[in-house]
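Asks: Order-wise, the sequence lines are chains U and D.
Mapping the first sequence onto this note's numbering, position 71 (from 1) lands on 71, and the numbers just tick up by one.
Mapping the second sequence onto this note's numbering, position 85 (from 1) lands on 85, and the numbers just tick up by one.
No lab work stands behind these hints: they were computed from the structure.
Predicted model, so just to flag it, every value in this text is computed and none were measured.
Mixed in with the good hints there might be a few duds.
It does not matter which identical chain is meant; a pair holds if it fits inside one copy or across any two.
Said to hold, decoys possible - Taking lysine-lysine pairs in the DSS-like style, the calculated list, with each CA pair at most 30 Å apart, reads: (1) K47 x K154; (2) K53 x K146; (3) K25 x K121; (4) K53 x K12; (5) K8 x K29; (6) K121 x K207; (7) K139 x K98; (8) K220 x K46; (9) K220 x K66; (10) K100 x K47; (11) K220 x K53; (12) K12 x K220; (13) K146 x K207; (14) K96 x K146; (15) K121 x K100; (16) K8 x K220; (17) K46 x K100; (18) K46 x K134; (19) K47 x K134; (20) K12 x K207; (21) K29 x K220; (22) K8 x K154.
2 protein chains.
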Amino acid sequence: MDFQVIFKVNEKIYLRDPESSELGKHIIKSAIDLIYELGFEHFTFKKLALEIKTTEATIYRYFENKHRLLLYILNWYWSYLAYLVMFQLQNVSDTKAKLKTIVHLLTHELPDSGGRLDYNKNYLNKIVIAESSKVYLVKEVREINKNEVFKPYKDLCANIADVITAYNPDYQYPKSLSSTLIETAHHQQFFSNFLPRLTDVGTVENKEFTALFMDDMLFKILDKS
Amino acid sequence: MDFQVIFKVNEKIYLRDPESSELGKHIIKSAIDLIYELGFEHFTFKKLALEIKTTEATIYRYFENKHRLLLYILNWYWSYLAYLVMFQLQNVSDTKAKLKTIVHLLTHELPDSGGRLDYNKNYLNKIVIAESSKVYLVKEVREINKNEVFKPYKDLCANIADVITAYNPDYQYPKSLSSTLIETAHHQQFFSNFLPRLTDVGTVENKEFTALFMDDMLFKILDKS
DNA sequence: TATTTACAATAGTATTACTACTATTAAAAA
DNA sequence: TTTTTAATAGTAGTAATACTATTGTAAATA
């Protein structure tokens, strides 16, 4: 049986649904490539328009600005990750194994699982690591948050928190630990790659190192009390 | 006895030492106010020039761009924090008490301690929380890092790692834990303020909550093995 | 006194972010 | 079938931002 998994991204994020046209899909796909290549600061709608042979104004009909476009990509990512967590934890009864699966998902590229996925997963992974915090570390965060555009992140965090609580019902800070795991997955990977003195990365590969560090941390915290 | 503590910021960061003139000091002081007020994205040299009644070009003689100016502020902050850690741990023999002092320093505003400090510490604290990751989460991180401009951050991290190792010599990841503590202090404060569902903050105040969460986490990790 | 030197201001340019308006096309209505 | 309209993308701009080449001026030095 062939099937697709489709995520409806909150429509407050875009002006025009990029999933509704070929051009729209092309914008997202190329945006991922270009944000990876240039970094978010150097990424502009002009450059993207040039890349996909359209005009700046056309892209502005889909997204108010590049911040919203990044937010769209991350909403898609968070939704997909939450789906994967749900999917991969099906039929796993051991809560310890569940947590290990979560740490692995947080520290590795998205696997292909059923749904078609034509985005470059390696690039997407790098974008999440290096750029994701820029969508909320802005002056307008309160205003932006009113439109529920961070809901997929909060849901992901809540799902992980539930598994934490299932593993240890006495632990006091499941949500904070959950968001810390997500953020730590990002910065430990970034640091071990670019600023390794901020980590204890050795000969082992970055993603593997981050998973080891996080596993150790997680179970010491939860097995203690 | 009156005394001052002065930090020499790496001279690769600036074109002209802002400490060398009244105008330079004025630039830093007002930059802190303005970055706090507008957020880093909306902060420009034009607006800063208008604020301190000089011209854009003049500010460009001190700093190559606004990224470098932010880096300067953070270098100063990291150096001062490392100094405070060193200073406050003097004559404390109990390593547990040392770690608690560190967590408190990471989660609270800079105290006045000896040295004159005419920057707005509340604003500086907010800037560190919301903007600090933007100095390394850039495409040019490798290039920038070559000039040792992240040294104060790495030193701070190493100092904290030493205390961790003193407390528990068997713990495998002192530096990663140290950088995780620093980053967690920032995003848990940010989240509990703006996106509280990502945390377990309750009635207690944000800084206090973050300190409680981090204390709990730190000692569970280190007392375990 | 003449001459460097240090510094800041003037006056620009290129790029970025964004928008008002126009042209095209395809579907719906007459 | 023809006309109308609605949806879409493109043209052609403006304002703000990021940055620089050059000029002016005042203090330090010869």
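Asks: Please go over all the hints and tell whether each is borne out by the structure.
Replies: Going down the list of hints, with the structure as the test:
1. In this homomeric assembly, K47 and K154 never come within 30 Å of each other (Cα to Cα): the closest approach is 32 Å inside a single copy and 36 Å across copies.
2. Neither within a single protomer nor between protomers do K53 and K146 lie at most 30 Å apart by alpha-carbon distance, with minima of 35 Å and 37 Å respectively.
3. Taking CA atoms no more than 30 Å apart as the test, K25 paired with K121 passes inside one copy only; the shortest distance there is 16 Å, against 46 Å between copies.
4. Proximity of K53 to K12 under the C-alpha cut-off of 30 Å is restricted to the intra-copy arrangement: shortest distance 26 Å within a copy versus 40 Å between copies.
5. In this assembly of identical chains, the alpha carbons of K8 and K29 lie at most 30 Å apart only when taken from the same copy (16 Å versus 46 Å across copies).
6. In the homo-oligomer, the alpha carbons of K121 and K207 lie at most 30 Å apart inside one protomer (15 Å), although the nearest pairing across protomers, at 37 Å, exceeds that limit.
7. With identical chains, the CA atoms of K139 and K98 are never at most 30 Å apart, being 36 Å at best within one copy and 35 Å at best between copies.
8. In this assembly of identical chains, the alpha carbons of K220 and K46 never lie at most 30 Å apart, being 49 Å within a copy and 50 Å across copies at closest.
9. For a Cα distance limit of 30 Å, the shortest separation of K220 from K66 qualifies neither inside one copy, at 40 Å, nor across copies, at 42 Å.
10. Taking the closest pair of Cα atoms, K100 and K47 never come within 30 Å of each other, the shortest separation being 41 Å inside a single copy and 49 Å across copies.
11. Taking the shortest alpha-carbon separations for K220 and K53, neither the intra-copy value of 53 Å nor the inter-copy value of 55 Å comes in at or below 30 Å.
12. For the homomeric pair K12 and K220, neither the shortest alpha-carbon distance inside one copy (41 Å) nor that between copies (42 Å) is at most 30 Å.
13. Within a single copy, K146 and K207 get their C-alpha atoms only as close as 34 Å, which misses the 30 Å cut-off; across copies the closest is 24 Å, which meets it.
14. Taking CA atoms no more than 30 Å apart as the test, K96 paired with K146 passes in neither setting, with 35 Å inside one copy and 42 Å between copies.
15. In the homo-oligomer, the alpha carbons of K121 and K100 lie at most 30 Å apart inside one protomer (21 Å), although the nearest pairing across protomers, at 41 Å, exceeds that limit.
16. When the C-alpha separation of K8 and K220 is checked against a cutoff of 30 Å, the pair qualifies neither within a copy, at 37 Å, nor between copies, at 40 Å.
17. Taking the closest pair of Cα atoms, K46 and K100 never come within 30 Å of each other, the shortest separation being 43 Å inside a single copy and 50 Å across copies.
18. For a Cα distance limit of 30 Å, the shortest separation of K46 from K134 qualifies both inside one copy, at 20 Å, and across copies, at 23 Å.
19. In this assembly of identical chains, K47 and K134 lie within 30 Å of each other by CA distance both inside one copy and across copies; the values are 20 Å within and 22 Å between.
20. Neither within a single protomer nor between protomers do K12 and K207 lie at most 30 Å apart by alpha-carbon distance, with minima of 34 Å and 32 Å respectively.
21. In this assembly of identical chains, the alpha carbons of K29 and K220 never lie at most 30 Å apart, being 40 Å within a copy and 43 Å across copies at closest.
22. When the C-alpha separation of K8 and K154 is checked against a cutoff of 30 Å, the pair qualifies only within one copy, where the shortest distance is 16 Å, while the shortest distance between copies is 42 Å.
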